[in-house]
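> So the sequences go chain by chain: A and B.
To convert, note that position 107 of the first sequence is 110 in the numbering used here; the numbers rise steadily by one, no gaps.
To convert, note that position 96 of the second sequence is 159 in the numbering used here; the numbers rise steadily by one, no gaps.
Calculated directly from the structure, the hints in this document are not laboratory data.
Using N, Cα and C, we set each Cβ at its ideal position, and we do this for glycine too.
Lysine to any residue pairs mimicking SDA-like chemistry, simulated, CA-CA at most 20 Å apart:
no., chain 1, residue 1, chain 2, residue 2
1, A, Lys59, A, Asp81
2, A, Lys45, A, Val110
3, B, Lys133, B, Gly66
4, A, Lys45, B, His73
5, B, Lys74, A, Gly44
6, A, Lys45, B, Arg175
7, A, Lys45, B, Lys74
8, A, Lys45, B, Gly105
9, B, Lys120, A, Glu6
A few chain B residues that don't get close to chain A, going by computed Cβ distances all over 10 Å:
no., residue
10, Val82
11, Thr89
12, Thr118
13, Thr134
Chain by chain, the residues run as shown.
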Amino acid sequence: QKEVEQNSGPLSVPEGAIASLNCTYSDRVSQSFFWYRQYSGKSPELIMSIYSNGDKEDGRFTAQLNKASQYVSLLIRDSQPSDSATYLCAVNAGNMLTFGGGTRLMVKP
Amino acid sequence: DAGITQSPRHKVTETGTPVTLRCHQTENHRYMYWYRQDPGHGLRLIHYSYGVKDTDKGEVSDGYSVSRSKTEDFLLTLESATSSQTSVYFCAISESSSGSDFYEQYFGPGTRLTVT
Numbered sequence: 004q005k006e007v008e009q010n011s012g013p014l015s016v017p018e019g020a021i022a023s024l025n026c027t028y029s030d031r032v033s034q035s036f037f038w039y040r041q042y043s044g045k046s047p048e049l050i051m052s053i054y055s056n057g058d059k060e061d062g063r064f065t066a067q068l069n070k071a072s073q074y075v076s077l078l079i080r081d082s083q084p085s086d087s088a089t090y091l092c093a094v095n096a097g098n099m100l101t102f103g104g105g106t107r108l109m110v111k112p
Numbered sequence: 064d065a066g067i068t069q070s071p072r073h074k075v076t077e078t079g080t081p082v083t084l085r086c087h088q089t090e091n092h093r094y095m096y097w098y099r100q101d102p103g104h105g106l107r108l109i110h111y112s113y114g115v116k117d118t119d120k121g122e123v124s125d126g127y128s129v130s131r132s133k134t135e136d137f138l139l140t141l142e143s144a145t146s147s148q149t150s151v152y153f154c155a156i157s158e159s160s161s162g163s164d165f166y167e168q169y170f171g172p173g174t175r176l177t178v179t
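In isolation and in its complexed conformation, chain B is listed as follows (with noise of 0.2 Å):
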């Protein structure tokens, strides 16, 4: 298995609190991705990373931010959560072949936030 872990696994927040979530690798992989699932709406791209300190947005930006100080750390953030935020959410990483589209990723175990 890839070595990504999250945390934390599980938690629960009121509305309007900041809240980060962390995801880190030991593979030295190049992209880091946020993704989020619920139910219906399938796994849909929050954030992605290709490289330190270089970020761009995904499908379903609004309300998160992220960093990246590290190669192995990719930092989700929920400025002020809402209940419409409750989901599972896992991070992915992936390193392109040279010259190539084979961008395989692979994913961490997930978070799972209640907002209440």
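Chain A on its own, in the form it takes in the complex (with noise of 0.2 Å):
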């Protein structure tokens, strides 16, 4: 079983700060890596794709992603109210992806 986890949060930050939002994967021939925002009652956007080792920045987006550790991360720079939602991994799996239960991100101004 291929499995994508992270901590479901509540992540809570002040309005300004860093979000620091972190996934593992167990699937060591993944080669994609995604980032979606889900809004309650809404449907998962994607804001960040990342394919190979070290950073990929975005706006205020950083995408991490080491390999070795079977790890990527997102950091949310100067985080907004606006930014308040769940943040869901997803790691490929040959042409399908899997995805990681979300983390839930709390913005307070």
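The two chains are supplied separately, each in an independent frame; assemble them into the complex guided by the hints.
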């Protein structure tokens, strides 16, 4: 059973702080890693993709991948109340994705 | 936003009745997926399609069937709905880059199904 693990949270951070979300995966052959944001009652929205070791930055978001440790993370700088949502980590297994259970982020004004 | 629609958006049905959910895309993507999302279980793959008339089972396929007769439409059928199939159902689409594993998936708005 290929697994993707996330802390369910809630992770609470003050407005303007850095939020750090973490994800571990079990399948060593995975090559593609994704972060989705899901607001309550809405569908998942793709916010970051990362395919090689290291960091990838897009605006206030940075994805970090360490394949040796089977670890992927998402940093959100200058967190805003509008970032409050559940963040899902997804890892490819062939042409399918396996999703973690999600981490609920709460950004307090 | 990816051009994905799902219908109906909400449905209440009785145990034992058949139900069909529709996913329609305007992106001409090859891959289409059906997921269900439940508290405590996250997103779980039901079935997926890798082309017209080409489908395969996912993690939780029991009690569900699918069909894809056109690139743009992927149907999910509950042959005889049960209360355990009360859930939110999401369709997703993907188009891999040639020779890569870049299977980014984009989700439709979801269908909330209640089986009473």
